[in-house]
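Residue numbers for the sequence shown follow my numbering, beginning at -17 and rising by one.
By construction, these hints were calculated from the structure, which means they are not laboratory data. Since the model is a prediction, treat every value here as computed from it, not as a measurement. Just so it is clear, CB atoms sit at the ideal spot from N, CA and C, and this is done for glycine as well.
Below, simulated DSS-like cross-link-like pairs (lysine-lysine); rule was C-alpha separation at most 25 Å, straight line: (1) Lys196 - Lys208; (2) Lys265 - Lys160; (3) Lys98 - Lys84; (4) Lys265 - Lys168; (5) Lys153 - Lys168; (6) Lys270 - Lys153; (7) Lys138 - Lys153; (8) Lys168 - Lys270; (9) Lys138 - Lys128; (10) Lys61 - Lys51; (11) Lys41 - Lys51.
Label pairs and their in silico Cβ distance ranges: (12) Thr271 - Glu144: 29 to 35 Å; (13) Lys138 - Leu103: 48 to 54 Å; (14) Thr95 - Glu117: 28 to 34 Å.
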Amino acid sequence: SVCVFLFIPIGIDDDNTALNRTYEQLRGAMMDSPCESESSLDGGVMLPPSPVSREQLQKRIESLTQQNKVLKVELETYKIRVKVIQEENRALRQASVIIQAKAEQEEEYISNTLLKKIQALKKEKETLAHHYEREEECLTNDLSRKLDQLRQEKCKLELTLEQEQECLVNKLMRKIEKLEAETSAKQNNLEQLRREMVELENTLEQEQEALVNKLWKRMDKLEAEKRSLQIKLDQPVSDPTSPKEINHRIENGNDTASQLTAHIQNLRSEVDQLRGNLAAAEKESQEKTQHFAQEE
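Please put together the full structure from these sequences, using the hints given.
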């Protein structure tokens, strides 16, 4: 095993106690730790330290000596700082005494000034109180006059409002009566239009039926004429009817049929127009009713 040698520098006056305590602790640890070299034959023989260990110890001593010097320099620096701080403390004490004296003087001056200001404020307060009382009395009188005036205006406004409400109610009643009359008139017109439409539809059906019957009769007549013409054409003795007459008769029949068709179309257009008028009247009546409900 390797034997360890420790050197503690003791050269600073203020730290002697702590260093001695540390030295004693390390020395005890060294005494407790084994520091001997064992051989293969006998274990109690002490060998001299090798040159390598001596060099290490010498370096360690030099390092500790250097550290001791550094610590001494730091100690001197701390002593100088302590002196400076003590001087600053003495200067601060003197300054505090001076400041305290000045503070007492300023306190006395401030107290005197405050007393003067308090007295001035008391006088000003009394003056303001009298002024406030006078202003309060004036304001009370003004407010009383304004209150009476407002009451009179309120009565006038209430009367005016009642009159306007009565006038408005009368106008609305007249308007309601007018709208009711218009609504009843529209309903009567609507009923009349419905009756006219029904009558027109019945008339149209009757006319259509009459036209159909007339057309059938005309067709039967044309068929009879056609057969008679055919019979005449088949007889060689009698003079045959010229093709111009036949074409003339057919054209007359076609003209009559086209006239009937045009008449039917005219009747249908009139019925459609009446239906449109009826729908417009119903729509106008609904709009009047909605407008009347909104105004109510």
